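There are 2 protein chains.
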Amino acid sequence: MAVYTEVADEDLARFVARYDIGRVLSCKGIAEGVENTNFLLQTTAGHFILTLYEKRVDPGDLPFFLGLMQHLARRGVICPQPVAARDGATLGELAGRPAALVTFLEGMWPRRPVVEHCAGVGRALAGLHLAGEGFGLVRPNALGQAAWAPLFAQSADRADSVAPGLTAEIGGELAALAAGWPQGLPAGVIHADLFPDNVFFLGNRLSGLIDFYFACDDFLAYDLAICLNAWCFEPDGAFNFTKGQALLTAYCRERPLGPAEVAALPVLARGAAVRFLLTRLHDWLRVPPGALVVPKDPLEYLGKLRFHRAVASARDYGLL
Amino acid sequence: MAVYTEVADEDLARFVARYDIGRVLSCKGIAEGVENTNFLLQTTAGHFILTLYEKRVDPGDLPFFLGLMQHLARRGVICPQPVAARDGATLGELAGRPAALVTFLEGMWPRRPVVEHCAGVGRALAGLHLAGEGFGLVRPNALGQAAWAPLFAQSADRADSVAPGLTAEIGGELAALAAGWPQGLPAGVIHADLFPDNVFFLGNRLSGLIDFYFACDDFLAYDLAICLNAWCFEPDGAFNFTKGQALLTAYCRERPLGPAEVAALPVLARGAAVRFLLTRLHDWLRVPPGALVVPKDPLEYLGKLRFHRAVASARDYGLL
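Residue numbers (my numbering), protein chains in the order written: chain H, 49 to 368; chain R, 49 to 368.
Honestly, the hints are just simulated from the structure, not real lab data.
Don't take every hint at face value.
Repeated chains share a single entry, so a pair holds when one copy, or any two copies, can fit it.
[As the list claims (entries may be wrong)] Under the rule of at most 25 angstroms between Cα atoms (straight-line distance), these lysine to aspartate or glutamate pairs were calculated in the DMTMM-like manner:
| # | residue 1 | residue 2 |
| --- | --- | --- |
| 1 | Lys344 | Asp57 |
| 2 | Lys344 | Asp205 |
| 3 | Lys103 | Asp68 |
| 4 | Lys103 | Glu58 |
| 5 | Lys344 | Asp241 |
| 6 | Lys344 | Glu58 |
| 7 | Lys344 | Asp59 |
| 8 | Lys344 | Glu102 |
| 9 | Lys103 | Glu141 |
| 10 | Lys344 | Asp284 |
| 11 | Lys103 | Glu83 |
| 12 | Lys344 | Asp68 |
| 13 | Lys103 | Glu164 |
Owing to the predicted nature of the structure, the values given are computational and were not obtained by experimental measurement.
Construct all of the structure, not just a fragment, from the sequences and the given hints.
Next comes the structure, spelled out in structure tokens:
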């Protein structure tokens, strides 16, 4: 939850006047999203999300993110659509920050995902991967496998303060992943952060995907591995085989995995666990005093990583 | 900004099913209100604010607050109206907390109040005081003059750490207020917290009053004194006479002040400054580590208090 930037009403009115969306009726900061400031904006023309991009987002990446949402929406993915101002621009400036308006999506993210949600997200992820084909822009994964060792180097000296032996365990894992990371798997645009809070449902029916601000190019099956980590573990740390099966089966129905992807799934899942372990560790060690955001526990992902190391094949995740 | 409590989607669905408001389409935690958790709830029937009352609100006071909003709305004050469940109850329970649904009000609170806003709030405050007549429930002001000395006693030993000499200055002020506090002024239901973030406007037209969770019985002119403090000072600490004049003139057009109220206005304004100085000081000295809320600066109200001490009569505030 985070609202980093206040917007004066007259500045907002000036911003909105650039669009064909009528008059502002209400604008409330919403407690969703950690990287940016989001407002739920109501105008005489409808509902929108107004996002101010804070300093963790590189402004140079915004054309990729906004362009991707347009591309996906045109190809049938239910996701926020950037609203163009009268001059055609989807990116503006408000309160000294890059800012964009996107359409409002109905639905709620599931606080306690059930099997049906996992099936829904598997199907939607495959749909996203297929719809991403032909998108003209490219964004390398800044948090991909090559980035993990330099990222860990910033925290290695203090990792043992979070859990004894953590420095050595991650060091060993990074070496194993560097040696065993797959090559040449089918690649394309991935969401890279499709956690439950980025997937909306109405009841058990998926109603939209949001937050494309980590989207990039990488192996498609790596995105699936991220979802296995994000959706198929229980609060007590146990892997839920039924959820894994639902997610993988629904994905494969839309986009069947090739043999190399199936073989790589355990190592991709280890990599995905390491990626979130490392960013959480980084943030955990750098909580500013009086922070507005409570950091997420890195050790949740250490438990997941250990599970994946013990996995023999993709069948252990529920792949039929 | 504060969202203290997460609500699971299935718990929300169960809660909403008690009302005739259709199906939930969206529910977003909003970054407004410090005491409670607020969600902007969209259903097939419209928009609502869902409030979970957190521990700073006494559940025994909720019938007063909800009843007052109903009473005021029936008498033409634009404020949130509690929505009754099918069984007639306006108070329910959600996520282990007392919870209520109220109607959604359009408008935005003014981040930089101008003279027209001050006139609007003066008129609306008088309207609220008149509409409050005949409300059947009573709630003594828990933060009224009698409460200030005991409240200060909890912070007196550490007040000098906030500003040198603060303990002595507040002590002297409390003695002066206890000796000079007016008696027998017209009393009734007051809002007691009508700051800019509790008053909505569409452009310069006032569109509603919110947050009645400090409302209580006290001198009506004390409520006006709170507004003088909250609306008529500039960010640099200077009193804005034009704003004071606009606020007072608009108030008196709806509800003329009696001579005793006029005479008491400076001491009421001092008291109002002390009340916010003391609660801010209390919170400032008790910020929990990792707090989600940045406390407000108590010294802003020390400056206002000193201004009021130098005031000769209500004419100095702009009363004609």
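Here is how each hint holds up against the structure:
no.	hint	in the structure
1	Lys344 / Asp57	between (33 angstroms within a copy, 21 angstroms between copies)
2	Lys344 / Asp205	within (20 angstroms within a copy, 37 angstroms between copies)
3	Lys103 / Asp68	neither (28 angstroms within a copy, 44 angstroms between copies)
4	Lys103 / Glu58	within (23 angstroms within a copy, 35 angstroms between copies)
5	Lys344 / Asp241	within (14 angstroms within a copy, 35 angstroms between copies)
6	Lys344 / Glu58	between (36 angstroms within a copy, 24 angstroms between copies)
7	Lys344 / Asp59	between (34 angstroms within a copy, 24 angstroms between copies)
8	Lys344 / Glu102	both (20 angstroms within a copy, 23 angstroms between copies)
9	Lys103 / Glu141	within (14 angstroms within a copy, 39 angstroms between copies)
10	Lys344 / Asp284	within (15 angstroms within a copy, 39 angstroms between copies)
11	Lys103 / Glu83	within (8 angstroms within a copy, 29 angstroms between copies)
12	Lys344 / Asp68	neither (40 angstroms within a copy, 38 angstroms between copies)
13	Lys103 / Glu164	neither (36 angstroms within a copy, 36 angstroms between copies)
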